[in-house]
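Trainee: Top line first, the protein sequences correspond to chains A and B.
Just so we're aligned, residue 5 is where the first sequence starts under this note's numbering, counting upward by one.
Just so we're aligned, residue 449 is where the second sequence starts under this note's numbering, counting upward by one.
No wet-lab data here; the hints were simulated from the structure.
Just so it is clear, CB atoms sit at the ideal spot from N, CA and C, and this is done for glycine as well.
Some hints here could point you the wrong way.
[To be verified] Covered, in the sense of this in silico footprint (three residues per stretch, anywhere, with C-beta under 8 Å from a C-beta of chain A), are these stretches of chain B:
#1 572-578
#2 598-611
#3 642-655
#4 658-670
[As the list claims (entries may be wrong)] Beyond 12 Å from chain A on every Cβ pair, some chain B residues (computed):
#5 THR464
#6 PHE467
#7 ARG469
#8 SER470
#9 GLN480
#10 GLY485
#11 GLU506
#12 GLN520
#13 ALA543
#14 ILE545
#15 GLY593
#16 ARG595
#17 ASP634
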Amino acid sequence: MSIDPALLPLLVAMAAASFACRAGGFWFMRFVPATKRIEAALRATPLAVMVGIVAPAAARGNVAEIAALALVAIVVRTTGNDLVAALAGVIAVAALRLLG
Amino acid sequence: MSFRPPVTAAPPQGATTAFSRSGFLRGFKRAQPLAVGTFAYGIAFGLLAREAGLAPLEAVLMSATVYSGSAQLAAVSQLGPEARAAGIGFGAIVATILLLNARYVLYGATLRPWLGALPAWKSYPSLFVLGDGNWILAMRAWDEGERDAAFVIGSGAAMFTPWLAGTLTGSFAGTLLADPARFGLDFLLVSFSAAMGVAMFRSRSDLWTVGVALAAALGINAVAPGGWTIVGAGLAGGLAAWLRASPGASRAFRR
């Protein structure tokens, strides 16, 4: 087990790029005035990102994924348990793919 | 530098953000279902890294420092034997990583109100282990009233370890879970996002956020699927909320 010395500078650059993304937004917000509008934008971002994660999967138009997403929504609304709903969605997708 | 407390419901003067072992453990436990998927994807990455000619130690080192599934997969595809012979495209690989991790800029920004009052030696390590899954869990937990900032690094640590373990497993002998999609694990993050999103959806202003984000996501996805969909949706939804809110100072977070 060894490490190619030629790979090390690349690893350092990759790690720096990755951490810059993770830390950059947090750091930058130090200098952003704390207004109600910024607060509203930060509050809305998680929901908007979740839409950004789910939308491409739904847009592919596969029956299994769309049915599973509907199931997730129904389970959250009826049980109120988001964890159970998320896992139900995964199981539904695996089962539907097995059948289809 | 002022020491304004970071929470909206004005806490007593001089209050600091909690960062406790129990908060860490709550995050750690809450992330366990997602950790299973992380382990499976770690195996998939380890396999690809081996195919690209990376030694197990190199693959694990990459997982521990870059810590981003999509970015590592893209980087490794540019590290194969032929690519090495032709000279590694340093700039191209770094650009790929910046693009694929651009969404973390947004995630980090949303954590400012929560982690902003922590000393840097607590907040930046929390950000180092930030991933999609644990960020979504953290945002949901905050929404439910969790205020202990150690929740963030606790849930992150719960994902970081199986990522390394999976990478090592895959790069040694990973054929067991070579195709995470067979078990629906590729759907894990989508399913979690949908569940948390539905659970967090409350008011008419949320409808506005979702509508604008959805339009942006579908539009970008149709033109350029991949890295920019999440970033575009997040920015569009945030901008929509910004426009709808009334101007004025907020005491919500410390600068």
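Trainee: Determine for every hint whether it applies to the structure shown.
Mentor: Hint check:
no.: 1; hint: 572-578; in the structure: holds (count 4)
no.: 2; hint: 598-611; in the structure: violated (count 0)
no.: 3; hint: 642-655; in the structure: holds (count 10)
no.: 4; hint: 658-670; in the structure: holds (count 9)
no.: 5; hint: THR464; in the structure: holds, 17 Å
no.: 6; hint: PHE467; in the structure: holds, 16 Å
no.: 7; hint: ARG469; in the structure: holds, 23 Å
no.: 8; hint: SER470; in the structure: holds, 19 Å
no.: 9; hint: GLN480; in the structure: violated, 10 Å
no.: 10; hint: GLY485; in the structure: violated, 8 Å
no.: 11; hint: GLU506; in the structure: violated, 5 Å
no.: 12; hint: GLN520; in the structure: violated, 8 Å
no.: 13; hint: ALA543; in the structure: violated, 8 Å
no.: 14; hint: ILE545; in the structure: violated, 4 Å
no.: 15; hint: GLY593; in the structure: holds, 14 Å
no.: 16; hint: ARG595; in the structure: holds, 15 Å
no.: 17; hint: ASP634; in the structure: violated, 8 Å
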